[in-house]
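Chains as they are written, first to last, in our numbering: chain X, 1 to 321; chain F, 1 to 255.
Derived from the structure by calculation, the hints contain no laboratory data. Worth double-checking, as some hints may not be accurate.
If you want a taste of the chain X side facing chain F, the calculated C-beta under 7 Å gives, among others [as the list claims (entries may be wrong)]: (1) Ala190; (2) Ala196; (3) Gly199; (4) Met210; (5) Tyr212.
Owing to the predicted nature of the structure, the values given are computational and were not obtained by experimental measurement. Beta carbons: idealized from backbone N, C-alpha and C, even for Gly.
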Amino acid sequence: MNVPANQPVLLARLGLLLLVLALALFPVVAPLFDLDYYTGFVRRLMIVALAAASLNFLMGRVGLVALGHAGFVGVGAYAVAALAEAGWTSAWAIWALAALAGVVVAGLTGAVALRTRGVYFIMITLAFAQMLFYLAVSLRKYGGDDGYTLYTPLTLLGGEQALAASGAPLYWVVLAILALVLPALWRLEASHFGRALEGIRDNETRMQAMGYPTYRLKLCAFALAGGIASLAGALLATQNGFISPSLMHWTQSALFIVMVVIGGVGRRWGAPLGVAVWLVFEELLKQFTEYWHAPMGLLLIGVVFLAPRGLAALASRKAAP
Amino acid sequence: MTLLVAHQLVKRFGALPATDQVSFSVNAGEIHALIGPNGAGKSTLVNLISGLLPADGGTLTLDGADITHFAPHRRVAAGLSRCFQVTSIFARQTVGENLLLAVQAHAGSSFRFAQRRDSDLALLAAAQELARRVTLEADWDRVAGTLPHGAQRKLDVALALAARPKLLLLDEPMAGMGPVESAQMVALIRRLREDMAILLIEHDMDAVFQLADRISVLVYGKVLTSGTAAEIQADAQVQAVYLGTETDPADEVRA
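With these hints in hand, go ahead and build the complete structure from the sequences.
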């Protein structure tokens, strides 16, 4: 369907295009200014933003506050380890299976967790993530507590002109995936499915009484978000060449929630903004002091006071006439 | 023809039987009113029938099919739709979005991920038709939570109508309304009865006696009596329990 192309829409699309272009050029420009290190940093930022975006979809569009999202990130990372151990090398095949593993695990845990509401849902998602965490700790084959190093890098292209999934090529692939998934999630908001989820968020009892299978709709959204988080986990494992249970520590799940809240729950740019602000400030503060948590805490208090609905909400309010 | 049969429905909250072996039936095309003093278990009964609460005993049959163990959304598909005593709408969305959401529930699967919902023209037409039916078409773009109380009640009814139910459960549709709004609601219910049977739970006795073909009186979770409006008005027991006497109604029931 064609939306009438009015000026704000065109401007927003132009801005989006420029942002993607700027990000795409970064690995080319950065070495000229001795900023190579930051290519890896931005790549990590984009991967974390992917995971946070899937959580923001659950929190903002479905109203599900899940405190176990790092568990699905971990599932993706360990899927990479398992498949690499089994001799797989194609990054694409491994990522696809990792995402699928996330869908399955989120589908199974969600089937139980979604029978509860509110605080109980938070606790049961936390419990499942903790189970995954301790499962990873107990896996001797993958290093248990110490983690597991991927010695043979995954490949983006096999055969003669083999291209390793690392450096700038991996950066561009991550950017492409983010540039596909984020708009796809936005599009999903406006679909029949997304509108039904929005109704469940606002008034689930009424949705049931109007004839919606609310449980199945929520489960589908939960599995989808789990799949995206797992994909992010697989990308993270690929770029780090290393995985460990700390990826799924519950504080990581909490951190995802914090980032989404900073950025703006249910806002289109909420997840990327929140992740960017968090990671950039962490990086900056660490250069001055190893006790960076305290200034970070003050900063968070400031954000909560100045932008109680998140930074993305602040921006959109200014843009309004 | 009997449309809905409730047979010895039971619901207990702990030791308290909120619904105690309630049996009654609603015929096709009739308005059956359920009245009773506060705490009689009317709301519990509505939740049992619509499936928001599971029954502890008894059976529920709609149009010959046993729906006792159906989830709420399957009861709606079977032809049973409800309104809420406390207005239950999507207050932050516009009237149009509310109606689109209601219509969408019965127009194909909601597991559609690609197409924009708002560009689904068939859906839009159906939602606008619904708005006309409850005379809310002028408020299409208004945020539902900002509507006056009476209009919100009409929207609540419209959300239930989208399912094209065989039986509509109206849980105190006149609650909190002034005389003008009440009269409008009575007129709306009269129009609706052309197309469906209605189970009306209501406190407003004038409205009940204007609308109902049959009335069942619920007291302390039990059906005291059922009958035509005239029979109920003349019933001494009902007068004592519901319309008020000098004595404690509880004693009358226990006697």
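Which numbered hints are broken by the structure, listed smallest first?
none
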